[in-house]
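Asks: Chain by chain, the residues:
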Amino acid sequence: MPIQDAIGNIFNIGYWLGTGNLLYQVIGIIIYIIVVSIVFSIFGYMMGWLERKLIARAQYRHGPTYVGMWGLLQNLADMIKLLSKQDVIPTNSDRYLFGASLPLILALSIFIILLLPYSPGLQGTTLGFGLLIVFTIISFLPLLIFTSGFSSGNKFGAVGAQRSVLILLGYEIPVLLVIAAIAMFTGTYNLNGIVNAQQSNYFVLIMPIGFVIFFIAMLAEFERPPFDLREADSELVAGWLTDVSPPYYALALFLDYARMFLGSILIAILFFGGWLVPSYLSFIPALFWIILKAFIISVFIIMVRATTFRMRIDGILRFGWIWLVPLSLINLIITYILFVG
Amino acid sequence: MKSERKSLLAALSKMKSEGFDYLVKITAIDYVDHMDVVYMIRSIGDIESSKDEIVELSLKPTDLWLPTVTNIFPAADWYEREMSEMFGIDIKGRNASRLLLEKWDGTGYPLRKSFAWDAPYKTSEDKK
Amino acid sequence: MIEPLAKTIKTTFFDKPYTTEFPENKEALPDSYRGRLRLDMDTCISCSACAIICPNKTITMVSVLTDKGDKIMPQVGHERCLFCALCEEVCPPKCLVLTKNYDYEAYDKRELVTRPEELE
Amino acid sequence: MTITRINVGPVHPSTGGVVRFVVDLDGDTIVNVEPHIGFLHRGVEKLAETRMYMQIPPYTEKLDYVAPMAYNDAYVGAVEAAMGIEPSERAKHIRTILLELQRIASHLFSIGLLSNDIGQMFTVFMWAFKDRDMVLDLLQEATGSRMFYVNMRLGGMQRDLPPDFADHTLDTIKYIEKRMFEYAKYMEKNPVFTERMKGVGILSREQAKELGVTGPVLRASGVSYDVRKNNPYYMYEKYHINAKTMQTGDNFARYKVRILEIQESVRIIKLVLKGLAGSEGKAEGMPVKLRSPNPVNRISIVRRELPRGECTMYLVADSQKPYRLSIRSPSFINLAAVSHISKGARFADFFGILGSLDFVIGCVDR
Numbered sequence: 001m002p003i004q005d006a007i008g009n010i011f012n013i014g015y016w017l018g019t020g021n022l023l024y025q026v027i028g029i030i031i032y033i034i035v036v037s038i039v040f041s042i043f044g045y046m047m048g049w050l051e052r053k054l055i056a057r058a059q060y061r062h063g064p065t066y067v068g069m070w071g072l073l074q075n076l077a078d079m080i081k082l083l084s085k086q087d088v089i090p091t092n093s094d095r096y097l098f099g100a101s102l103p104l105i106l107a108l109s110i111f112i113i114l115l116l117p118y119s120p121g122l123q124g125t126t127l128g129f130g131l132l133i134v135f136t137i138i139s140f141l142p143l144l145i146f147t148s149g150f151s152s153g154n155k156f157g158a159v160g161a162q163r164s165v166l167i168l169l170g171y172e173i174p175v176l177l178v179i180a181a182i183a184m185f186t187g188t189y190n191l192n193g194i195v196n197a198q199q200s201n202y203f204v205l206i207m208p209i210g211f212v213i214f215f216i217a218m219l220a221e222f223e224r225p226p227f228d229l230r231e232a233d234s235e236l237v238a239g240w241l242t243d244v245s246p247p248y249y250a251l252a253l254f255l256d257y258a259r260m261f262l263g264s265i266l267i268a269i270l271f272f273g274g275w276l277v278p279s280y281l282s283f284i285p286a287l288f289w290i291i292l293k294a295f296i297i298s299v300f301i302i303m304v305r306a307t308t309f310r311m312r313i314d315g316i317l318r319f320g321w322i323w324l325v326p327l328s329l330i331n332l333i334i335t336y337i338l339f340v341g
Numbered sequence: 001m002k003s004e005r006k007s008l009l010a011a012l013s014k015m016k017s018e019g020f021d022y023l024v025k026i027t028a029i030d031y032v033d034h035m036d037v038v039y040m041i042r043s044i045g046d047i048e049s050s051k052d053e054i055v056e057l058s059l060k061p062t063d064l065w066l067p068t069v070t071n072i073f074p075a076a077d078w079y080e081r082e083m084s085e086m087f088g089i090d091i092k093g094r095n096a097s098r099l100l101l102e103k104w105d106g107t108g109y110p111l112r113k114s115f116a117w118d119a120p121y122k123t124s125e126d127k128k
Numbered sequence: 001m002i003e004p005l006a007k008t009i010k011t012t013f014f015d016k017p018y019t020t021e022f023p024e025n026k027e028a029l030p031d032s033y034r035g036r037l038r039l040d041m042d043t044c045i046s047c048s049a050c051a052i053i054c055p056n057k058t059i060t061m062v063s064v065l066t067d068k069g070d071k072i073m074p075q076v077g078h079e080r081c082l083f084c085a086l087c088e089e090v091c092p093p094k095c096l097v098l099t100k101n102y103d104y105e106a107y108d109k110r111e112l113v114t115r116p117e118e119l120e
Numbered sequence: 001m002t003i004t005r006i007n008v009g010p011v012h013p014s015t016g017g018v019v020r021f022v023v024d025l026d027g028d029t030i031v032n033v034e035p036h037i038g039f040l041h042r043g044v045e046k047l048a049e050t051r052m053y054m055q056i057p058p059y060t061e062k063l064d065y066v067a068p069m070a071y072n073d074a075y076v077g078a079v080e081a082a083m084g085i086e087p088s089e090r091a092k093h094i095r096t097i098l099l100e101l102q103r104i105a106s107h108l109f110s111i112g113l114l115s116n117d118i119g120q121m122f123t124v125f126m127w128a129f130k131d132r133d134m135v136l137d138l139l140q141e142a143t144g145s146r147m148f149y150v151n152m153r154l155g156g157m158q159r160d161l162p163p164d165f166a167d168h169t170l171d172t173i174k175y176i177e178k179r180m181f182e183y184a185k186y187m188e189k190n191p192v193f194t195e196r197m198k199g200v201g202i203l204s205r206e207q208a209k210e211l212g213v214t215g216p217v218l219r220a221s222g223v224s225y226d227v228r229k230n231n232p233y234y235m236y237e238k239y240h241i242n243a244k245t246m247q248t249g250d251n252f253a254r255y256k257v258r259i260l261e262i263q264e265s266v267r268i269i270k271l272v273l274k275g276l277a278g279s280e281g282k283a284e285g286m287p288v289k290l291r292s293p294n295p296v297n298r299i300s301i302v303r304r305e306l307p308r309g310e311c312t313m314y315l316v317a318d319s320q321k322p323y324r325l326s327i328r329s330p331s332f333i334n335l336a337a338v339s340h341i342s343k344g345a346r347f348a349d350f351f352g353i354l355g356s357l358d359f360v361i362g363c364v365d366r
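Chains as they are written, first to last, in the numbering used here: chain A, 1 to 341; chain G, 1 to 128; chain S, 1 to 120; chain W, 1 to 366.
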């Protein structure tokens, strides 16, 4: 497929110039990061709009209407407002830790973006153990949230930060067990390889229990409702963001939506075959399909947010350890017996 | 039902043992020459009937104190605190140090008739 | 969990919004609606009943020069009006009425103090 | 054991007004809660001593800004008792209908806020507000004002109901009856909701009586006391109300009692609407004048069941002004119980408890 090939190598300057020079590869990756980050920001932004609009509709409201067509620019206006406000650093805070946490989260999120494949060849860097790195980073983010909340010197922030780490304790193991099952089934940690292993069957059909566990655990990892305890707006005012100044708050809000889209893409890659579709649909470029799948998953996540109530921290841990950990073990064993062993 | 300060606790305990175990409200009325304190109590029976009873007593303006009834009716806690802040009736025998309503800059007891309610309000900053 | 989720999805994609988009669409108000006050200066008999009954001392009587000479008429401080319509009820010639007009705004609350001439 | 002291309020999303709680936590468990009230103290009892009788309703109804008409009625009822005026049959019918509509609106508000307090993204909140809005539309149609209806007059109403009010009311309450089943299904089928509500913030029957809580909070603890039933007034004398009780006394019971009470209100409104057409007498009461009639009773005590609980108005009458107006506000005493209820609960459940107690700060501080 020449089109796919061209899309895959669109940032590989060496490919176009006919040389394989390392310098050109590095420049290509940098351009790739910038372009993909911008595209990703647009999608993260769209997620923010979509969530406002859909939740408004779930509540018999109109949602944003006035700024731009269908209120598309409302979030941009809010963003500008937030960015134009004063940046205050509370005196009680550990100023360097506090200031550095949120930008670090942004940087790490971009790093995840770099590792994910979007269509054949369209990937920042191909690593044999990409899946492991992605989940290492995802598990690291709550620690940064913890430093941010704890160093803010606010009690609500500290409580939110502690809860964030507690959730990590409950939900890290099920996630790792599910991806272990996937890796065992495919025999690789390469994300490309995982997608290509779903040519005949999506993994959602092969391990439905694993999908449900992974979906719930992803909600917890990205702290979407019902696991949004670190923010818990009706209890902790804004949780770990209570003392964060408006510009950083804008960044945190944006990261929330971007991470939701990231999680959706990850679910699409691991369980819904990424860009793979039945052959009679493949005349549309692969990039479209992965984004469509991620979009549908995001809409579902938003619907979950509109429906559910917030769980309590002990309830979350009980649910994680009593249900998700044994179930993910069962999932691992079943996968081994049925498909591998 | 009329009562006196001396026999108040005994009267209320007796009422409570007769089934009047629900305190509705404690309030005071300043009649300038004396101050009335009203205890409204109620018996909520198991059969769906209820009786209301009022225990009144009057205090001299020079001698404003009452024993606490929180041992008999725990619900009396906030009413007594409110009454002591609003009327200046000293409630003896209770260990609440904090004001119920937040501290304010003025002086006097607002619900007494002698309180100058229409005097221009001054904040602590004005006084400085 | 499935049933509430289905209900949310149904509401989101199939039910119409209930809210009205304000400046373009306004809801129909009943005739008895209480909004900004209006004064008919020709029939006002300067009796001050409205100023006496007003619980918030919103209405003050100010002197106005009319065709029939100097008269006192109500001046309304809309910034602290409770819209209780007691003034409307006590007014003997029913010249002070509450209208359906509710959208008025000012940068300074002093601008909302309305002279009798402006009460219309 | 280290105690963390967290300051909730005066400005906090879930306290429902300006009130401050100092919460002492041992880990995640509440050791002690100290409520600080008085941020919204407006001295209505003192103001009432300086105003004429019919100037006071605009103030009393601002005590409880969620259910203003109920307070309005309690005050006007006290003045009527002081002056020995009895409202006409038709006025009683109208008052009963409007008060029950107000109760529906207030309970919807409370259910919506509760769902928000235990962490929903405003969905049930907005649904409840939409339905409440339909009820407020009815009240606006009847009184001319959306929120603060100064529509009670001595011996009747400010004006009669508009002609097609009965039909509109019937449509709306039928819709609300349907919605109540939807709400109950939507919330109780949600495992997170039941986990957060059941067995949390338990107030036993004996404690409830001792602490003097009132209204739905009292009935959720299994004490069957409702002023509308035990001391009936207006049309409750004719159409008997069932006091809805739950036995468990937890957050869930307090929420459920409100749902059941809305259904009960719908039933009563239907009954009263049938009787409205044939009711005798003039709906309009005495119009407000600069002089009111002189009271015949020096002291009058009037009990009314407000949406939040029982209100007792203790009115000492003077010739043109009240000499003393003492208000027993339901929110005040329900809030006083908060430190007992929330002892031993989780910090996250504290807000659920606050939501289920359903206090209005205006009513607490007076």
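Just so you know, the hints here were simulated from the structure itself, not pulled from any lab data.
Beta carbons: idealized from backbone N, C-alpha and C, even for Gly.
One or more hints might be untrue.
Calculated cross-link-like contacts (lysine-lysine; reagent style DSS-like; alpha-carbon spacing at most 27 Å) [stated by the list, open to error]: (1) Lys46(W) x Lys130(W); (2) Lys94(S) x Lys282(W); (3) Lys14(G) x Lys92(G); (4) Lys2(G) x Lys113(G); (5) Lys189(W) x Lys60(G); (6) Lys57(S) x Lys185(W); (7) Lys185(W) x Lys16(S); (8) Lys100(S) x Lys229(W); (9) Lys71(S) x Lys189(W); (10) Lys198(W) x Lys7(S); (11) Lys16(G) x Lys244(W); (12) Lys57(S) x Lys94(S); (13) Lys113(G) x Lys282(W); (14) Lys26(S) x Lys343(W); (15) Lys57(S) x Lys198(W); (16) Lys51(G) x Lys289(W); (17) Lys51(G) x Lys130(W); (18) Lys16(S) x Lys189(W).
If we take Cβ atoms under 7 Å as the criterion, some of the chain A residues that face chain W in the derived model are [stated by the list, open to error]: (19) Arg57; (20) His62; (21) Gly63; (22) Pro64; (23) Thr65; (24) Gly153; (25) Glu172; (26) Phe222; (27) Phe309; (28) Met311; (29) Arg312; (30) Arg318.
Asks: Holds or violated: is the Cβ of Arg312(A) closer than 7 Å to a Cβ in chain W?
Replies: 5 Å, holds
Asks: Quick one, is the Gly153(A) hint okay against chain W at 7 Å, beta carbons?
Replies: 14 Å, violated
Asks: Can you confirm whether the C-alpha distance between Lys100(S) and Lys229(W) stays at or below 27 Å?
Replies: 40 Å, violated
Asks: So, Gly63(A) near chain W? Judge it on the closest CB pair being under 7 Å.
Replies: 11 Å, violated
Asks: Check the hint pairing Lys94(S) with Lys282(W) against an upper bound of 27 Å on the C-alpha distance.
Replies: 22 Å, holds
Asks: Let me know if the C-beta of Pro64(A) comes in closer than 7 Å to any C-beta of chain W, holds or violated.
Replies: Nearest chain W Cβ about 15 Å off; hint violated.
Asks: Would the pair Lys26(S) and Lys343(W) pass a check requiring their Cα atoms to be no farther apart than 27 Å?
Replies: Status violated; Cα separation ~48 Å.
Asks: If you take the shortest Cβ to Cβ gap from Arg318(A) to chain W, is it below 7 Å?
Replies: It is violated, given that the least Cβ distance between Arg318(A) and chain W is near 9 Å, above 7 Å.
Asks: Does Phe222(A) pass the interface check with chain W, least Cβ-Cβ distance below 7 Å?
Replies: This hint is violated: Phe222(A) lies away from chain W, its Cβ roughly 15 Å from the closest one there, beyond 7 Å.
Asks: For the pair supplied as a hint, Lys14(G) and Lys92(G), confirm whether the alpha-carbon distance does not exceed 27 Å.
Replies: Holds, at roughly 21 Å.
Asks: Please work out if Lys71(S) and Lys189(W) have their alpha carbons no farther apart than 27 Å.
Replies: Violated, at about 69 Å.
Asks: Tell me if the straight-line CA distance from Lys57(S) to Lys185(W) falls inside 27 Å.
Replies: 50 Å, violated
Violation of the numbered hints given earlier is confined to hints 1, 5, 6, 8, 9, 13, 14, 15, 16, 17, 19, 20, 21, 22, 23, 24, 25, 26, 30; the remaining hints are satisfied by the structure.
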